[in-house]
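Protein chains in written order, with this note's numbering: chain A, 1 to 363; chain B, 1 to 363; chain C, 1 to 363; chain D, 1 to 363.
Just so you know, these hints were derived from the structure itself, not from any lab.
Just to be clear, a hint being listed does not mean it is correct.
Since copy identity is lost for identical chains, a pair holds within one copy or between any two.
Claimed, not checked - 20 Å max Cα-Cα, derived SDA-like pairs, lysine to any residue: (1) K63 with E85; (2) K215 with Y362; (3) K215 with S264; (4) K304 with E262; (5) K215 with K363; (6) K215 with E360; (7) K215 with F271; (8) K215 with D356; (9) K304 with V270.
4 protein chains.
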Amino acid sequence: MNNSFGHNYTITTWGESHGKALGVVIDGCPAGLELDEKDIQVFLDRRKPGQSKYTTPRNEDDKAIILSGTMEGVTTGCPISIMVENNNQKSRDYSNIANVYRPGHADYTFEEKFGIRDYRGGGRSSGRETIARVAGGAVASKILRELGVTLDCYTRAIGKYVISDSNDINMDEMDNPLYMPNDRVAFQAMDYIEECMRNSDSVGGIVECVIHGVKPGVGEPVFNKLDAKLAQAMLSIGAVKGFEIGDGFRVATSNGSNNNDEMSYQEDVVFHSNHAGGVLGGISTGQDIVFRVAIKPTPSISQKQHTIDRLHDEIDITINGRHDPIIVPRAVVVVESMAAITLLDLMMDNMTSKMDYMKEIYK
Amino acid sequence: MNNSFGHNYTITTWGESHGKALGVVIDGCPAGLELDEKDIQVFLDRRKPGQSKYTTPRNEDDKAIILSGTMEGVTTGCPISIMVENNNQKSRDYSNIANVYRPGHADYTFEEKFGIRDYRGGGRSSGRETIARVAGGAVASKILRELGVTLDCYTRAIGKYVISDSNDINMDEMDNPLYMPNDRVAFQAMDYIEECMRNSDSVGGIVECVIHGVKPGVGEPVFNKLDAKLAQAMLSIGAVKGFEIGDGFRVATSNGSNNNDEMSYQEDVVFHSNHAGGVLGGISTGQDIVFRVAIKPTPSISQKQHTIDRLHDEIDITINGRHDPIIVPRAVVVVESMAAITLLDLMMDNMTSKMDYMKEIYK
Amino acid sequence: MNNSFGHNYTITTWGESHGKALGVVIDGCPAGLELDEKDIQVFLDRRKPGQSKYTTPRNEDDKAIILSGTMEGVTTGCPISIMVENNNQKSRDYSNIANVYRPGHADYTFEEKFGIRDYRGGGRSSGRETIARVAGGAVASKILRELGVTLDCYTRAIGKYVISDSNDINMDEMDNPLYMPNDRVAFQAMDYIEECMRNSDSVGGIVECVIHGVKPGVGEPVFNKLDAKLAQAMLSIGAVKGFEIGDGFRVATSNGSNNNDEMSYQEDVVFHSNHAGGVLGGISTGQDIVFRVAIKPTPSISQKQHTIDRLHDEIDITINGRHDPIIVPRAVVVVESMAAITLLDLMMDNMTSKMDYMKEIYK
Amino acid sequence: MNNSFGHNYTITTWGESHGKALGVVIDGCPAGLELDEKDIQVFLDRRKPGQSKYTTPRNEDDKAIILSGTMEGVTTGCPISIMVENNNQKSRDYSNIANVYRPGHADYTFEEKFGIRDYRGGGRSSGRETIARVAGGAVASKILRELGVTLDCYTRAIGKYVISDSNDINMDEMDNPLYMPNDRVAFQAMDYIEECMRNSDSVGGIVECVIHGVKPGVGEPVFNKLDAKLAQAMLSIGAVKGFEIGDGFRVATSNGSNNNDEMSYQEDVVFHSNHAGGVLGGISTGQDIVFRVAIKPTPSISQKQHTIDRLHDEIDITINGRHDPIIVPRAVVVVESMAAITLLDLMMDNMTSKMDYMKEIYK
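Next up, chain A with everything else stripped away, as it sits in the complex (with noise of 0.2 Å):
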């Protein structure tokens, strides 16, 4: 089940760059829910090419439309298949890229592995493949708010231009085209992306989600761990090369002393610090969830590169037409919709870890 994510909410994907629709099927969505279209779309939207110099002008729509799983507005418990049109699909004479590995696509690879490849804008490995799992996202997004629980996902950083200090996060500034919540880093941030886009080439940034409101409790103590489920959605984003949770790549430099999270009790359980990012042992301490991801720069640029191709020619290529500089910001929704649904999934399963649980089910 390659293509398929979660073990209670599950998300089943599927579709191609330029194949005629992609989407996604939602298994285990919890019957009861008030759900319509309008709820995905608000998500797409924030995926959708086109909604700044800085991204691909690529016209398509990315209409969500859902096809099974709800009647009058409210879910049923049935799987949901959510499908979106590629209407732009056959715009592009993709002759010149057929046979040619690009450097830094998964060209190569998917051909090794599977003898054949969807040459057609990259096809199932392309950056269209993420609309599926935002359609899931936003439902899951939809169920957690209902249970009390949000998650803050933006631009931390750009480059070597980075918000250094989480007080300089402003939720309040995120409306800036690279979704970074601190205006003044976001404007430097522009000009060096302009910079590279006069270069022809790309460039790479962190994201960073803060999940809000979850329960102490949440995740599994061994290998689905919050954080470990946590790192396989992010690492399974295409350009994804990082990921760390609290302190992250810095404990290694830590000390015990200061990397322990000591706790208080005023009116309810406080703890000093959170190094930790909100888990311990794979389970949710009730702080917030902090992560961050690396994302590489976008492959795709317009210098000349050297690479071979089918038959093992050697070439130079000069990838035309227009390319995101940079895959940060379209990242945003999607590090966010592949949190929602890890958390949401182990919420579900933490359902059944105590008897008094069942016994309140069942009574």
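Fit chains B, C and D to the given chain A structure using the hints.
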């Protein structure tokens, strides 16, 4: 199946730090592999306590017993049950920590999740849980070797002591207690650890793993990308707080022009660099697979720490007894084991990726 | 993943009787299979309504549309999404049954489980749900044929009209509307069905399936025995109430001396009989695999029946409109499809059973 | 995960007839259940050899040892590992059957699948494999009792000796060695078994199971129907060749008018009959769940049988030693155990079916 990992080659682990035993059931090991307890013991000995002054002197043999799945030294295709008895299980009095939530440990989160926790030495959240993973990894590694795949796993950094340049990694210099393949840096790190020990403190670090000999085409395109499953595998190890593949977090400051790996053909496909870490689109490229994990400092320190107990009373605790001042060296073989299991599992998955493969087996 | 079936070749189905569409996502189909919509249509046409006077005249084309997973008529290894639109979806007024629990239907149980149910034509519990299975089975069957495996599936009994002797099964006489391979018995059965129709009643029957060409060694020893997975597959079909393999329930009155199948060797392994139905210890013997399923009479009948509604008021209902007086003939292709999916999935599993197979692929 | 069963409450079993031990790992048992070895032993004793003259006198204690997952007699939510040692493992010389394929056994199929088989007492295909299932079922049954669910499981038929009328089932008359709740029929059956023993022959039969106290709403609509999972569970037991629920195969000759179960309301929902066996659309109706399984005669008989060996030479064999002339009585507790596991697992699944349930736990 929260205590299982893998789709084809699956390990199911069980056991607590101070229960009768710990163990693993390996399901899906192909028949016809020569296997005896020595194959497993050599792996277990690498994580055994008492190997150096940097590890707890807990007196455990950690002897592997194969209970099923082999006949006359050959695997039969039936589940391989491996058990390690806890000889040392009754040696302590836990009354002082039975009701206390130790900072940096999973005491509080287990209690919130299950309403009960095994306070004896951390129970299921103890590092001893990794014994079962290492046994499972020993078998996976043996299969991989027969298929031409080998793994090098070592300490890359302890605190600020890092083998900065990959060229300074010398696998002939692994004979130090830190499994750090550069004697000069290792000695500096050992001095630093001893300083931390004098301060009743602990220290973190970074483990790196390089996998050689993987053919291109292994890994699944979407949710079970090779790097995504490695990320889950790694974050599922108790103290791991971060994972990165190839250039990892450095991609945030890279450009497409220097992050893409160009290709040539010289008798075989050749990449000019390996920024990707051997994986593109979740599928192996045929290059070395290179990843790193960040490991936090041991949370058990004998400095005074502020915390609460089960009744929510605040107290100061000092964790007595001798604890590893650093988790990293003993984690090396755990990282290697989980990597082997993850890779083998995806290599098995890959056997049904093409009609040609199926026709070869069912001809 | 309650709407998914299979471990390697997995179908995930979605859709309700009167929603916009129904469909299946096939995950794990090997790359390199020639496939187009005609391959699927020929299967769907076998279960289409309106084929004879014994099936509902519902005016549906049931046209298969492949939305993803193929390129230029060949599978790519990516998920194959197949959709069938419900053209007829708005044709009825359901106000009279929206609140009533029809006897023999899943109305009451869905409502109890989910707190809501899609009352339009049975929603997810409708026989139309099997469209998605048949589409998945059409693809599985095509793969199986390339591997030398074929399936014969037919009506063995309707009411008391049975093809008693296996020697009287004549696959050349399948051209009747009952898919019953013996014209004499089929005509008797047709008379009987017409009698039931005159009585506003319905009738049950037995479907038998024979699978040819399966090599010995397919199936897993314990929980995923070939016959165990077939049993799940069959009972998962709406109206099926029983499953038996080989001699089935007759073994209750057998003795070991006449139930065991003795063996000889004449150029190949030869069994003297096939009481086992081609499976021993859950693994194929290389003989024909033979199983039967019992299918209940259509629960929708236009006789007056006593029942309750959602408010627990008692009422008498008469289900108007024309309904199939018998489920059996249209179930034949559903049984065949689920059998093909189940078998293929286990054949794929089996490819990692031996080190020798792995070495052959990774040599 | 071919040696695992279940989605939430999962058993993973291991062990061969003549290995060191057999066992089960139960993953997903809720925390807070009182459990000790006696709870398991009482189930194991029901399948133990040597209980009567109709079972093999193999000298095994079959003592359950809990190795993990409980503390102070209460489950902790961590995996419960239970082991039963094979004391009797070295008692025989297998040289005469090591190379022979016994008719009715899985010798040939295991060898074809794995290229090797454990010939000692049938290895993994031995009936002793069910010890692990029974241990897993004992724990499941205890949980079910706390949730108000109980199971009655018994022998319904041996050879042609059947308790024809359900009204003649008297659970007070279960104290006979056949677990057949009607002394009159049981005595006839015992006479018949003894006749078979004198003829060096064996005999089959039917086990029936009735589950009381299941609330409506348990079971999943499509592939994991309650009856579908029961069917898999039952056919996964070695000697089972058929499964039917409610009227089962009799529905083939029923009409809708007498097969549908009409409903009324008298303080609670009341069905007038139970032809469905307590399941509609795969979901429990709240009535008793009633199913039957057909069990073949013991394949080991001491009559001369014709077969082949590994070199494909034909031989006549006589299987010496004393074997159970009938599997049925010892299978009763295995059927009950697998039913308990299956039902509990689906009851746990059902806890996430509604938003209301989730809000109740996460309020």
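Taking the hints in turn, this is what the structure says about them:
1. In the homo-oligomer, the alpha carbons of K63 and E85 lie at most 20 Å apart both inside one protomer (7 Å) and across protomers (18 Å), since each shortest distance falls under that limit.
2. Within a single copy, K215 and Y362 get their C-alpha atoms only as close as 23 Å, which misses the 20 Å cut-off; across copies the closest is 8 Å, which meets it.
3. Taking CA atoms no more than 20 Å apart as the test, K215 paired with S264 passes inside one copy only; the shortest distance there is 17 Å, against 44 Å between copies.
4. Proximity of K304 and E262 under a CA criterion of 20 Å is satisfied inter-copy only: 11 Å between copies versus 54 Å inside one chain copy.
5. Taking the closest pair of Cα atoms, K215 and K363 come within 20 Å of each other only across two copies (10 Å); inside a single copy the shortest separation is 24 Å, beyond that limit.
6. For the identical chains of this complex, K215 and E360 are neighbours both inside a copy (18 Å) and across copies (14 Å), given an alpha-carbon limit of 20 Å.
7. Taking CA atoms no more than 20 Å apart as the test, K215 paired with F271 passes inside one copy only; the shortest distance there is 14 Å, against 43 Å between copies.
8. Taking CA atoms no more than 20 Å apart as the test, K215 paired with D356 passes in both settings, with 17 Å inside one copy and 18 Å between copies.
9. Taking identical chains as interchangeable, the C-alpha atoms of K304 and V270 lie at most 20 Å apart only when they sit on different chains, with a minimum of 18 Å there against 56 Å within one chain.
Of the numbered hints stated above, none is contradicted by the structure.
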